[in-house]
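Student: Sequence:
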Amino acid sequence: MNLFSLNSPFARGINKLVMMLYVGILWFLCSLPILTMGAATAALFEVLLQAVKDQEGYIARRFFQAFRGNLKQGLQLGVPLVLAQIVFAFDFFYYSLFWGEGYQVQTIVFAVLSLLVLALFPFVFAAMAKFGNTASGHFRMAVTIMARCPGWTVAVLAIQALTVFLIWFFVYFPALFIMGISGYLEAVIFDHVFQGLIDRGVIGVEEG
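Counting from 158, one number per residue, gives the positions in the sequence shown under the numbering used here.
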């Protein structure tokens with residue numbers, strides 16, 4: 158097969174990469190108000206969970222439909238999660254400065270809380286993208302899945318931590334592009350986890 162033919166693995170890989178970058182840019186633009194980061198993340202996962210199955214269709218149309226559809230619940234869950242992450246991360250850095258002065262416990266506690274929220278964030282909004290539920294239902298589902306799948310939770314957390322590190326190290330510029338790539342890697346994991354739980358009857362019918 159010709160390397161540059163439209164159906165070659167190389168061409169499909171390039172198309173998939175362009176799609177990731179495109180949806181990552183859409184996520185970045187819709188997350189700029191910060192308050193809308195939850196809805197933007199749910200829209201990101203709605204597109205990418207379909208892309209894992211090669212069913213993404215019209216990316217921008219699907220993204221903005223998902224963004225509007227998840228805006229209310231995205232605000233209800235996204236705002237407190239973002240605020241919690243800011244508070245925990247700030248407290249971690251604050252107490253870490255005094256590590257040698259009796260603040261080891263506080264540093265460890267806020268480090269763990271920050272990592273838990275960092276891991277919880279994609280689980281919540283991937284569940285929102287995949288299933289119909291209330292805001293509290295999405296939260297409970299995310300926590301349950303994390304508890305049932307600790308290995309995959311660690312994998313998602315590793316992707317999240319690497320993404321945050323790259324954004325921090327390169328002074329935020331990669332946020333324009335990297336969220337599509339890291340989101341796709343997480344979507345592969347979520348697709349596998351969700352389907353496994355659906356097959357075992359742990360989770361009900363997908364996508365309300």
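Heads up, a few of these hints could be off.
What the hints assert, rightly or not - Distance windows between CB atoms, simulated:
1. Ile243 x Lys210: 31 to 39 Å
2. Lys210 x Trp325: 18 to 26 Å
3. Ile265 x Lys173: 37 to 45 Å
4. Gln261 x Ser293: 28 to 36 Å
5. Ile355 x Leu186: 29 to 37 Å
6. Leu192 x Ala168: 17 to 25 Å
7. Ala318 x Pro166: 25 to 33 Å
8. Val175 x Phe255: 24 to 32 Å
Hints were generated in silico from the structure; no laboratory data involved. Backbone N, C-alpha and C fix where the C-beta goes; we use that ideal spot for every residue, glycine too.
Student: Mind checking the hinted window 17 to 25 Å against the Cβ distance between leucine 192 and alanine 168?
Tutor: 39 Å, violated
Student: Cβ-Cβ distance between alanine 318 and proline 166: within 25 to 33 Å?
Tutor: 30 Å, holds
Student: For the hint 18 to 26 Å, verify it against the beta carbon of lysine 210 and that of tryptophan 325.
Tutor: 32 Å, violated
Student: CB of glutamine 261 to CB of serine 293, is that within 28 to 36 Å?
Tutor: Check passed, 35 Å falls within 28 to 36 Å.
Student: 29 to 37 Å was suggested as the range; check whether the CB atoms of isoleucine 355 and leucine 186 agree with it.
Tutor: Given range 29 to 37 Å: holds, Cβ gap about 32 Å.
Student: A range of 37 to 45 Å was offered for this pair. Does it hold for the Cβ distance of isoleucine 265 and lysine 173?
Tutor: The hinted range 37 to 45 Å holds for isoleucine 265 and lysine 173, with Cβ atoms some 40 Å apart.
Student: Has the hinted range 24 to 32 Å been met by the Cβ atoms of valine 175 and phenylalanine 255?
Tutor: 47 Å, violated
Student: Against the range 31 to 39 Å, how does the distance between the Cβ atoms of isoleucine 243 and lysine 210 compare: consistent or not?
Tutor: 35 Å, holds
This entry does not satisfy hints 2, 6, 8, going by the numbered hints stated previously.
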